[in-house]
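Since each chain sits alone in its own frame, please combine them into the complex, following the hints.
Protein chains in written order, with our numbering: chain X, 27 to 612; chain H, 136 to 312.
Think of the hints as simulated: they come from the structure by calculation, not from any bench.
Ideal Cβ placement from N, Cα and C applies to all residues, glycine included.
You may find that some hints are simply not true.
[To be verified] Cβ-to-Cβ under 7 Å is the rule here; a few derived chain X residues that face chain H:
{"no.": "1", "residue": "I172"}
{"no.": "2", "residue": "P173"}
{"no.": "3", "residue": "Y225"}
{"no.": "4", "residue": "C228"}
{"no.": "5", "residue": "S233"}
{"no.": "6", "residue": "P356"}
{"no.": "7", "residue": "A357"}
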Amino acid sequence: MEFNENQTQTVQIADPAVSVAKPELINGSHALIRSLIEEGVETIFGYPGGAIMPVYDAIYDYQEDINHILVRHEQGAAHAAEGFARVTGEVGVCLVTSGPGATNLVTGIADAIIDSTPLVCVVGQVAAHLLGTDAFQETDVIGITIPITKWNYQITRADEIPEVMAKAFYIAKSGRPGPVLIDITKNAQNELMSKEFSYKKCENLISYRPRLAPKVDQVEAAAKLINEAKKPFLFVGHGVRISHAENELIKFIEKTDIPAASTLLGLSCVSVDHPNYVGWLGMHGNYGTNVLTNQCDLIIAVGMRFDDRVTGDVSRYAKQAKVVHIEIDPAEIGKIVKADAPVVGDAKIALEMLLPLVKENNHKEWIAEFKKFDAIEDEKITQPELAPTTEKIKMAEVIRTLSDKTKGEAVILADVGQHQMMTARYYQFKKPNSFITSGGLGTMGYALPAAFGAKVGAPDREVVAFIGDGCFQMTIQELGTIAQSGLPVKIIILNNNFLGMVRQWQQLFHQKRYSFVELQNPDFITIGKGFGIDGHTCSAREDLNASLDKMLASGKPYLLEVIVEKEENVFPMVPTGACVADIRLE
Amino acid sequence: MTTYTICVFTENTIGILNKITTILTRRRINIDSLTVSETERKGISRFTIVIRHDSREAVEKLVRQIRKVIEVLAVFGYLNDDIAYNEIALFKVSTPIGAKPIDIETINKVYKAWVVYWHLTYVIIQKTGTEEEIFEFFDYIKPHEILEFVRSGRVAVSKSPQTLVDYLPEAEWEYYQ
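Okay, chain H solo, but in the shape it has when bound (with noise of 0.2 Å):
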């Protein structure tokens, strides 16, 4: 299975979400994460969908039918070397009086971890980075009892100097540029 990251630009308005999800659905795909924000331009919205799929054609096929949802502008499929990504996560750890300490200069140097609420029996500490680096923190951090953890969805944007480049090799993308 290889991890695909879908960029999805569209009209911000009322029902977009269900119309890209039903296409989804439809092919028995599940999705990993999903992150939905307005760009910078006013308007326009950024969905952020992850899958994992073991056929490529099958993406891209997925990706030119998400393309003909009417309000969608344009549509990127990345595999993880085209973008620069990123989730955020916060863990809420049980501190109580008498326990070991947690090592907030491992936490902030090791990796790259900041306590950002601090309360007498408990911390809430914000973790960046990808999957990989957020679960080797909560692997770190697991002994000190977790009372919560949350992790968004992922967010990206590819690194190609264009401002929007899929890798998608087909005759018919340049015209929904």
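The shape of chain X in the complex, shown without the other chains (with noise of 0.2 Å):
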């Protein structure tokens, strides 16, 4: 037990003999509390231990400033966080103690930042004078997580948390964002301040300027090319969302006639209604959209990364297209595709930048041959998809009657494997910042508790989650975080007993020996109501539509679980290592 003598002051009563009143002064755990609050902080997720224990002392005092939610695992803190951010575009914040409540971060963390994410992470540390000592719940957290922040720091005097936590919310939001992780030890918890606590701000650092608008002559050369090329085709990437840039998109589209796809994380920024909107890029992406790929003159990606899964094998990817390349990170400029017009900058200013120095245009023809493919697909894909012939419960089936009876508007969530790919094709996204999932890390058991997150985000929007069975069982604690805020999230196993897309590749590429893929299942439903959350099973077609309006219904958080066909697989598919044009229809 440590003592701190810190803990046991009274508060200094002012001499009456001077005129000048003392400051009062607060300790770090206080200060760090009133950091959050100058940041507009309202909701925290936590879980507290050893040496974070002054902390949760202090929040004691600060519960109706905020909001502090008990998760059941760290790692649920961090994906929730990381909902809530994505949901409603602010800083997410997890609060959790040394040792193996850091570690237990690690998977949110690398997360955050393959997602651009932004979070702050605060962790507990063992006190400065212990550090290196091998101390009990001590770990090099700064060490573990540089290579999976954007920025993170050790804070070991009181004095520098409003500073530091000023720092950590500007990197963490500004420019491309992304997690943040600040380690403080328990005697700067525990300290006083030694001046009064003032809290200042970050507007700008001198060694990190992200760059907000791009500069005039790049505009003007992307330009250009927009207005030379014959086949423009633009790819919205989650750049867009995250610079609120969805109205500029439409906006440049409906001038240039341009046909917009979108990447995984891009999706909902256009609606699917929308003319030019023709459809998913990448792996399981659409048919069009991938052939075209290589038949386009000009792909102008904006807010995206060429990740492996949109393009396939670089080498053969849009070799005869000049490439505008609209991003915020001069890293990811020309880093897979080479860039001929790079635009650096946020992706809103370089759209309003752009929109006068365009043309109108009409690419009627050029969106109609995006049809043509769409017409194969549907009869080969969709719609065998849609209205199938099996005995048992398709994916697509589940995940369409849910857009239709949701309207295509619910806050979308998707863990991670097929029925994430079938959550991307078949959820008919219409309205903005409707859809999370864990894109670049692939994290399972991320969409339970991001699911949550994005509730505690965005209370008056329905929140769905579409989960594997396989997913569900990594995360499935959070159920008690959930049932505990009784926030009505609507969770949808789609059970098929298998981790669907490993066995689909061991089907296609490993002539079908089925390794470790077939899971002996709990009854979810019985687990569900131990947490005290209500639920049922579908297994039969004609079930399917009160189902869901049994849980659509429900005002508090519902699960339900639907059994699925057992080997179905994602069709259209562009193999590891294979063309984006050689995509396969089956």
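See below:
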């Protein structure tokens, strides 16, 4: 048990003989919480423990200002904060203890950096004098998280707290957003600040100056290429959502009449109903978008990074096309695909600047080419998926039925695997900022805590998570968090008793040698009920409508398990190492 | 393989070395030499990292990744022709009684090396120069039995009249200045 004399000090009473009132000094823990309040933080996802106890003691005094949500595992805190950050566009905040508390965050932090999600993770640490002694629950979390944070810093003195926290929030949310980890030693939490607490938000840093407005000559060069192109093709990435550029993007594609396709994380930026929207890109994306990537003469990539799941074999990727790359992170320019006209800056500002420079145009014939491919895909894949003749329900029908029932306007989460790809394919997104999934890292277990975080961030929207039976068991304990909050998060388990995507690959590329992909699952509904969450199982097609209605009508968290076809595959598919034009329909 | 010298200017805080080296390690790039010191401006450190690579493009990408470290103020990648550079080496050379004496005149005049410490049975010679010059001297002095040899990392400044000039043609570069 640590004894700290600061904790036992009574508030100093000003000497009446002294006319100047002494400033009221607060300890590091209070300074930390007040810093969070200064940043406008209302919600923290956390889990207490030894090295963060002084902060938890301080939170006790601020329960009216800050809603602390107790998760069941620190990974859940990180994903919940991500879900919150993604849906609100604000910084998600986690608070955990040292050692295992910190290491349990690691998956979530890695997920956040690759998906450009702003987090501030505050992690307790042993007292400064114990650093490096292998003290109880000491771990070098700074060392561990260097490659997966946008910035990290260890605070060892209470006086540092306001300035460092201001910097942390500024770095997390500005430029290309990302996770920041602040490791705070226990002595810094306990000790009194030497001066009165004052907080000044950070607005710039000498060594970090993300460029927001792109250079005019870059925008002009891009506009020239756009105006000259016969078959331009616009890619909508996550950056469009992050910079809230949806309206500017719509104006841009309507003026230029350029067809737009979306990456996984760009989904929902453009409504599926928009005449210029031609679909989804990448490995399980649409037929036309992939094939025509290799026939367009100009790619306009907005806030995307040419992930390998989008490009397939890069050496055979869009070699015929010039590339305009609008991107806030200069390191992404030319990283995978050479940019003929790089535009470094914020997507919204870049599109605003481009709009007056681009000509009104008509690309109806070019857009019609996509429709031809759509017709083939529709006949060979989409219709059989949506109106199957199988006895068992298929994932696509569940997703599309829910899409219709929610008018394409719910916040949809998908975990990782076949059901994720199916959700991206079959949910008809009609409202911006509606799809949250782990794209870059592919973190199984993401969706349940992230759905909870999203519901906290958007309590007025319907939040539905599609989760596979494998994924669900990775963060199943967060049912406890959801139950305790009472928030009506709707969970749909698409249960095929398999690790479906791995099984699909084993079927297609490993001669059906099903190596450790079949699961003996628990009774999910009983588990849900054990946590206090109501639910039921749907295994017959004729019950599907009523099941979804029942789930949506519930004003509480609800768990719907749908037993789906065991061995269905996601198509179209660009196999690893193949060219986008060689996309397989079966 | 081409030798590249990467000069990184950073704020002088704890852990920056780790933040930079992890970027190289992740891309399986080995560091030939590394020197860190404070610059003419207080609180600003200068890293001189020498690597060999067969892809200039990969080095350019590396430079841009290093630039992303929050504490990094600027990064410049140089070819050997772009910089004046040197290393320093110390040789502890055996001079036992009765052995052939070392030729101080040749050491000084030909090799521009200096004896910095005399002992009864050995001397310590300091040699500055490029890696090649140091190894030329190494070969010359080797017959005298080298008891110890140590070579520093490279230090380099650009030949450009501008204060810091990169050879990277990237469009985004100006805004780092």
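Structure-based check of each hint:
1. This hint holds: X/I172 has a C-beta 5 Å from the nearest C-beta of chain H, less than the 7 Å allowed.
2. Restraint check, X/P173 versus chain H: the minimum CB separation of about 5 Å is within 7 Å; hint holds.
3. About 20 Å separates the beta-carbon of X/Y225 from the nearest beta-carbon of chain H, more than 7 Å, and the hint is not met.
4. Violation of the interface hint for X/C228 is found here, the shortest Cβ-Cβ separation to chain H being roughly 12 Å, above the 7 Å cut-off.
5. Against a cut-off of 7 Å between C-beta atoms, the interface hint on X/S233 holds, since the closest Cβ of chain H lies about 5 Å away.
6. Hint on X/P356 holds. Least Cβ distance to chain H is approximately 4 Å, under the 7 Å limit.
7. Taking 7 Å as the C-beta contact cut-off toward chain H, the hint placing X/A357 at the interface holds, the least distance being around 4 Å.
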